[in-house]
Each structure stands twice: as C-alpha cells, then as structure tokens.
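K.L.:
Chains as they are written, first to last, in the working numbering: chain A, 1 to 302; chain B, 1 to 302; chain C, 1 to 302; chain D, 1 to 302.
If you are wondering where the hints come from, they were derived from the structure by calculation, not from laboratory data.
Note: identical chains are not told apart, hence a pair may lie in one copy or across any two.
As a list, the in silico EDC-like pairs of lysine to aspartate or glutamate whose alpha-carbon atoms are at most 20 Å apart:
#1 LYS47 x ASP202
#2 LYS139 x ASP76
#3 LYS285 x GLU124
#4 LYS55 x ASP221
#5 LYS55 x GLU30
#6 LYS47 x GLU17
#7 LYS278 x GLU124
#8 LYS285 x ASP78
#9 LYS285 x GLU77
#10 LYS47 x GLU30
#11 LYS259 x ASP244
#12 LYS101 x GLU293
#13 LYS145 x ASP96
Number of protein chains: 4
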Amino acid sequence: MLGSYRIRTDLAVEAREHFKEENVEVRGVEVNESYDEEKDIRTTVVKITTENGAKAMGRPQGSYITIEAPNLSVPDEDYHREVSREIARHLRQLIDLETEKSILVVGLGNQAITADSLGPHVVENLHMTRHIIREYGLKGMGEEKMHRTSGIVPGVMAQTGMETSEIVEGVVSVTKPDVVIAIDALAARSTRRLNRTIQITDTGINPGSGVGNHRIGLTQDNLQVKVIGIGVPTVVDAATIVHDSMAHLLDALDEGEQKEFLEEMISPHLHSMFVTPKDVDETVKYLSFTISEGLNMAFAQV
Amino acid sequence: MLGSYRIRTDLAVEAREHFKEENVEVRGVEVNESYDEEKDIRTTVVKITTENGAKAMGRPQGSYITIEAPNLSVPDEDYHREVSREIARHLRQLIDLETEKSILVVGLGNQAITADSLGPHVVENLHMTRHIIREYGLKGMGEEKMHRTSGIVPGVMAQTGMETSEIVEGVVSVTKPDVVIAIDALAARSTRRLNRTIQITDTGINPGSGVGNHRIGLTQDNLQVKVIGIGVPTVVDAATIVHDSMAHLLDALDEGEQKEFLEEMISPHLHSMFVTPKDVDETVKYLSFTISEGLNMAFAQV
Amino acid sequence: MLGSYRIRTDLAVEAREHFKEENVEVRGVEVNESYDEEKDIRTTVVKITTENGAKAMGRPQGSYITIEAPNLSVPDEDYHREVSREIARHLRQLIDLETEKSILVVGLGNQAITADSLGPHVVENLHMTRHIIREYGLKGMGEEKMHRTSGIVPGVMAQTGMETSEIVEGVVSVTKPDVVIAIDALAARSTRRLNRTIQITDTGINPGSGVGNHRIGLTQDNLQVKVIGIGVPTVVDAATIVHDSMAHLLDALDEGEQKEFLEEMISPHLHSMFVTPKDVDETVKYLSFTISEGLNMAFAQV
Amino acid sequence: MLGSYRIRTDLAVEAREHFKEENVEVRGVEVNESYDEEKDIRTTVVKITTENGAKAMGRPQGSYITIEAPNLSVPDEDYHREVSREIARHLRQLIDLETEKSILVVGLGNQAITADSLGPHVVENLHMTRHIIREYGLKGMGEEKMHRTSGIVPGVMAQTGMETSEIVEGVVSVTKPDVVIAIDALAARSTRRLNRTIQITDTGINPGSGVGNHRIGLTQDNLQVKVIGIGVPTVVDAATIVHDSMAHLLDALDEGEQKEFLEEMISPHLHSMFVTPKDVDETVKYLSFTISEGLNMAFAQV
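Chain A on its own, in the form it takes in the complex:
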C-alpha cells in the first residue's frame, strides 16, 4: 500500500518490514534474526542475493546487518562495551584480517549540525596507526600484528565545493587502503529506531543515504576498493512523519485519492526539513564513542 508515495529510509530492515506487513515474501532476499535476551541486543541480517531482490528492496545486492540495542542512548558503559564488541565481531567477518591490513575510515556528514555529526565524531575518537607503523614498523606500536588505520573527515559539499566522493577517491588513490569504512548518520522511517539501531553493510554508502543526501555515494564501483558502510539513524524526514501519522486515515481512500491528498497536504517545505530528538547531542556523543570503540577493538589485534 501507499506504494505510489516514496518513503525514504536508509535501513534495509525497514524496507523489508514493508513487505512483511503485507505478508509478501520477496525472492532474492534472505532474512535471519537473532536475539540475545541477556544483553537485550537484536541482530537482523538481510541478504539481498539477486537483481530482482535488489529492485524490490530499492538497494544493491549485499549484506545488511542491523543491531538493535534499546539502551544505546543511555550512558551505561558496560552495555555500550557489549555493543562495541558486537560491531567488532561483524567487522571481522566482513573483512579478511589476514590479507586486508590497511583501513581508511571516512567520517561522513556535517560537523556543524549535531544530528549529522556522527561520522566526524567517530573518526575523532579512533586510534590512528598507519603513520606510526609506516615510520617505525609494528614495533613502534609495541605489537606483532596490527592493522594500519587512517581516517578522514571530508566535510560536506557546501563547505568544500567538492563531492565527498571526489575527496575520498583522491585519498584512496594515493594511500591505497585495502578497505574503506564509511560512517554516516542515516534517515530512518520510524522515530522508534532513532539512536538505537546500527546498520553495517558491505555495499558501502549509496546515493541518497545519510542526513546530508550524498549524490554519488561511496561504493566499490566508484572507489575500486571494498567499502563497508556503518550507519546510525539519527533523523526522520519531516514528510515521513506526517505521512506515517496519516496512514490509517489514508487507508480509507482509494489510491488516486491518496495521491491527491498527499501532494496537497505534505508541504514541499517539509522535504528540506528533518525530525530529530531533543537529546540528539548526548546520543550522538555516546553512539560515536561506541562505534569508534568497536573499530578500535576490531583492528587492535588480529
């Protein structure tokens, strides 16, 4: 239903729910859920395996891991450490630690807007090792095995005059990392998912993802290197909020009436606005710390 109206979500798990509600099984899409009751962490893996599945889901083939952790926005250090471990565990599965030894972390988003500053904050908290290992070898780090990590905060187009992908492409071509990990603040469809959901995907960052709406995306296709995307939904599009609140009302109308209604009612203004929780400053602070700890854990030792 409501298919004629485009709802924006960056979460595969939400795109999938759409079909679930309507009891439709989509070919080319596999879903596995697990729930750790003790830790209260739910993990859903959505695998899009065919071109048909990709079309139905509106995103590229690949794996989409979603970690849902209700207490992510609460300052409980032990809980956050569990989530960091979970992130590290998934990263170690997506990356071949024996052969992929150098990692470039890209902190996407606009540092000057709290809801969009997750990526820059993650990079700020990372331990960079590439320059030390290059200069002094692994002994410089006091380790026998360790990844070479580097990181960049490219800024947004209004601040740089450049596409983010141009900057990252340039840095990749010179520093030749084995893997790029791009961190971004995402848009969810449901306010319930804000600041408590982490999505990890081996498809990178695709056009239209993120609070800031990257036009080009960061993918293996345009960077010529494996790209992993890690995102947390911190906003919902303002138009989506209105749309969803009205869903029940609209059910009573036929499709033509619905369309007319929505076009009339959802002000074009709303598409340049986002909805975010009033405590977005604290949740972005906790979440960025949890993710950077997850990365630090994943690459500190093999």
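We have chain A; now place chains B, C and D onto it with these hints.
P.N.:
Showing chains B, C and D alone in chain A's frame:
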C-alpha cells in the same frame, strides 16, 4: 476550532493569527503592521494590554515586536545590516538609554545542538565593555557615552544541574545590570516562519519558551530587573507538523472525534522531537551575527 | 638567589623547591612525600601552618597536595583510572561527605585557547545530579546516597565583561552549595612539570593563579563557602623560560648586575606570552577526562 | 654570527634581516620595500633568483611577499578590509586570472590547537563556488565571470594517520584545480612579528614550515600544480626565545664557547614547545577572517 488540542508556538504573531483566521477580534490585544517594501521587511507589533487579552493569547501582557525578513537566511551583508538596524531601533525604544546604562545579555540554549545554539552564538559575537569601563572609565573605550555590556552563556540544566534562572538570578544580584536581554531559539507553529522571523518582547522569556523548554523563565518578576527577550524560531515541534498537515482532514470531524483521532495518531514520541531545516547550521550562523550586530549598534553610542 | 626577580609558579611544590635548593628550612611549612613505586605516582603534601610560612611561600595557609604522574600525557586507560582514584581519595579527605552534600564545580579558563581549556572540559564530562535529585529525590538516581553535583563554565573577562568571581559569587548565593571545587589550568616554573602534575588545595584559587591570571580569585573569604582548587600546569611563562635558562650565567654576577641584566634582556613582550607543548590538545583531553572521572568517583557514592 | 646554531623562522623577511644586520649583500636575492603611511602597511618583496641565493637564504627560489600591519590584532573592520584588499591585489598578480580559473584552498594545521588553527578557520569562512558552477553554470552564481573555489581541511598526521601531502595530492589528482593556495600558521623568530605579519609566496609550503612541522610540504614539485602559500606567524619556538635573549651575552664568547654554551643551556624539552601570545584566540579569529575576505575578494570577480 481545534482549540482542545494545545499547539505550541513561542510567537505572539502566530497566536494572534489563530483568531484572525476565525475572524474573532480579541479585546485587550492591539495589532499594528507595517511593511517596508524597499527593504522587504515586515514589522508587526502586538500589544496585550489587559488580563483578558493575556488569557486569550496565552502569554503575559506586554509588547511583542515581530520582524519578518524573508532573506534572513541568505548571506547578503547589506540586507543583514538593515535588519540589525531595525533590531537596534526597537531596542532603543524599549530601553531608556539615558538612565538604563548597563546591560546583561544572556545567551540561552544548548551550544551542543545546532538548532538551539542561537543564544550562545550571539553572546560570542558581542563587544563586552563593562570590565573596561569599570577599570578605565569611558576614556578606556575612547568614547564619551557608551553602555556597559556584559554577557553570559549559562548552559542548559542537563549540563549544569541548575535551572538557568538560578544562574541568571545570581549573576544579576551581584552585577546589578539595569536591563537583561535574553536571546533564545524559539519554536514556531509554521515551518514558513523558521529562520526568517525575529521576535522582540518586553515580557522576557516565559516558561515553555525556547527549544529547550525552560521551566521557570526569565522575567522582571523573578529577576527584579527589566527583561527583554529576543528570539528566532529555529524549530517546529514534531507533533505540530503532523497536526497542521491534518487540519483539513479534521475539519470534517466533530470535536469529540477530532480529539480521539489526535490522541491516537500523534505518537507520544513526537513530543520529544523537533523539526528543523537541513541548513540550520548556516542560518543560525547568519542570524546570530545579525542580532549581535543589532545589539552592538544599539549600545555603542547613545 | 635570584630572589629579587619574581618567578611565577602556581605550584606550592615548586615554591618549596626554591628553599630546598638553598638548604633553608622554612618555619611554618611541613612537607610529606610518598612514592608508590608500582603505580609510579609521587604524592607531596605541603602544609603551610603559620602566617610566617605563608609569607615565605607567597601563598595562603592551607594544604597543597601534588600528585606527580609521569604517564599522565600517555593514553593508558588503566593508569589514568589509578590517578582518578587518587584524586577521589584526596577529595574525600578534604570534604566531609556526611555533612557536605552539595558540590558546585567551576570550570575556569578560556575554552577558546587549548592550553587554558582544562576547566571547561572537566565540567563537560561531569555527571550532574543536582537537578535530578531536586526533582525526583535520590530514587531518581537509583541510589540511596549520592551527592548533588552542579557545574558552571563562567568564561573569561574578555568574553563576559565580568570578573569570574562575580559570576561564581552570584551562583553560589542562589544555589547554596556546601563546597565549591574550582578547576583551572596553571602556570608552572619548570617545563618538566607540564601536563604530569595535579595540585589539589583547600585554599581555593588565588589571585594570579591560572593561565588567564584571575585578578580576584575564588576563596572561602570571598565566596563564604569552602573552596577546593584543582589545577594542572599546562603552560610556563615565556619570561620564566628565559630566566631559568640563564640562571647559571647569572650566578657569576652580583645582585645588582643580575637585576640590570634581567631587566634589559627579558623583553616586556614576553610577559604577555606563554610556552606550551606542541601536543597540548591531547594532554588536555586526557587530563580533563582523568580529573572528571576522579570527581565522578568521589561523589557517586558515599 | 651565531651561524652555527640553527634558528628556525618561516619568514623570508627574517632570514634576510640576518644578513642585513651584518651588512652582507647576498647575490641572487632582491629586496623591495614600500610603506603606505596612511594605511600603516609595510610591504616587503624578497625575490630569490638563483640557486646561490636559495642556499644562503635556506629556502627555495621564488617570491616572498610580506605584509606587515601593526594593527592586525585589533578589531578595526576598516583596517582589516584594507589588508584584505592588499592580499587580494597580490594574489591577482601571482595568479593568471584569465587562464587559471579553479582554485583549491587548503587549510593546514590542527584545529584543536588555537595557535595552529588559522588554516582551518580561513577555509571555514570562504565562499565555495565550484559545486554550484559545475551544477548550474555561472548563472547559478548570478555572475558572468567567477572563479571556481573549493577548499579542504586535511587535519594533521596524528589525527589522520596520513601525511597532509598525501591527502592534498589525492584531492588535486581528482579535482584538478589550476592553483592550490595553502594557508598555514607559521613560526617566526621574533615575537614582535607575531599576529601582525602575512607572508604570501609562490613557492608553496616547504618542509619544516608551520607550527605543526609538515615533513613533506606542498609544492609544485610534489603536487604538479602551482602552489601559493599564505602564512601568518602565530608562534615562536621556545628554544629561539631563549637563544635570542642571550644573544648579547654570547657576543662576548668565541664560537666554540658559544656552541658549548647553547647545547648545555637550551633544554631539549624546549624543542617540543612553542611560545604564543595570551590573546591568540582573538588574533587568530581576526586574522583568519581578514585572509578569507582577501581570498573572497580576489576570486569573486575577474
């Protein structure tokens, strides 16, 4: 209509529109509008003169000046200077420059949330003179006449453990300014007003104003000194967006049905969320500069 | 020697060294040193017990605890936790936890200058509880016993037009804490002490302390409440560097020649300059975290 | 004299003074001074024209323009506008505005250290136009002629794990600007030059320049594109301060004694420290604004 559902707005001009739409004249409320076509600046002065008017409008007796300037979010220096002059002109009318010689500017709001950081940014750009005049006299400033300006950014309760009003009350009791000017980011009802409207009022900051929802407010009553509030709407409550989008639909229902509908539909989640434009970083930057220039102009010379 | 030339240090332990070098015992000054070899933390307690001692040492009567921890500028979490514990232990001795239940932490210094931003960073990392306990009682915190903590970053005079002491005095008079803890970046005499020394004193912050040179200070005398000062030296005065480097040379001259020499050589420019390490950003980050953890530990439970 | 001891300065005008003091004329070095009395701006152009001159001066062949403006650290808007115009004028001579139409501005330095944050602040205040002209053509800017400007803040090695030159090289190879302008905070030899001197050079940024000591530099040689460097001295090396203060004393010694003396006296600690004025926050704010205005003027119209 819709009266049973509380819509939040910090703008008197919006509270007044409500009655205008319904062609109701409210006793105890005077409205004067003027429009400068050349500068494209519209100024509306709402005066609430009786207790009855105050009740109808849901805010205290006093003057509410609203400057609407459509190009406020565009980086045009000349235009911003005009708006700064307009702010200075109104301040000079609200303050008796011959007898009220010392001004404390309070930058309300949360620096860590872009949409709530207007007040802190304004204080950051102000020229403080109180400490220089106290130490060296007016000659220290190279002027014969000049106000003593001071400023503080008190932070928000989650960061300080204190009510903002406690901090301001303390500073006022020791430094004894003649006038307090409190700057705050406001919530509007309509997204069309965001970042292009400035409200100046001699009633101070009242409970429930601002993005951060101050509980106690800053008024002559609790500070024992004249308080002028300057605010710019930078957000709309998420619940308001949904409500307003549905207004037409609801018109068809009777009041009981409406209420049931709204309670069911507007998720309680939404009341802890706000809507803000995607370019909130730039508009807050321009607006805070324009307001601090207005203050600098008003107090630089008598 | 060199007594005719005033060397500035905010560390009691350095003022005391001066006499030690010359093998002079000062009456009214007691010194106790202890060294924890395993943790590599040296603690020196200087007690000034008489007016004579105060005059000789150039600072008020009271206790000055110095914690020297060489690895403070290294990012070793376990080591920092030990130092936080040490800070908490000393605070619990200086404060009567049974009767002094509410604490106001003041983050002194200029946020916009890295070397002077220690105090603001400490307050930023503190858990504030006063507003929660006031609203919901101790149950609101899930604890039976807990201190009420609040905090403020008053800014510096050039930014506020007010003496820091005016702001703090006002806040104290309204919120009536039992104890004020003021955090500040200090000036040391020796570059070797920078960023590895923490001084805790029950004499508060005295005029001339700190990078920013507070004129009035924060003491029990002017605030009417117990004041504990916590400081870390992050800078050395530029004039001091020159003076100390020349000390040997000067030894060969008589006192008159020395004075003439110094006046001629140490450019007045230098007194408006400070010396600070190139990695001041990282050390201030680690140190502020370690101190705020120490405060969180001290007041979380009784 | 003192030639055996390496004094660090990033200013050609200071390197040149050294010879002037000793009344030595250096072949391959041309100097032109002019002084605008009304504006109180002194401009010195040092041209190094031969390999011999380059060796004597310890820096590459090319032009070094120094603008000395004593009131640069004072908040006088009109004065700063004059200096911005002067910067624009020189840039228009160094760049062929008819053929070199796209400019990449690189803001070097560490944002987290006030004295090193000049470059990042300049980029923050620039009007970027490249993305708009690419998307909408010059009409998008409402202009017939205009440069395409883009900008990046690459961060420092400890934060990114990469050489700054690697990042810039990558961005240049993808976005292909005609000219790179690199902005950096410099080290001067004399505290008198701090925050009142601007150096513009067509030799780029050379190894050892800047507060943060870039190892590789940004030059036409390694970037394959014209590189203009703009720098302002904001610090003096701590060792230099000591050295210069002792210069008179040392005059009395022979060269061997001098060397012994200096090695003994200038503590190795000092080489990891810098000296900077106590009002570095305000001067960096004014200076970065003045430089970005100069760039905005130079490229707004041809």
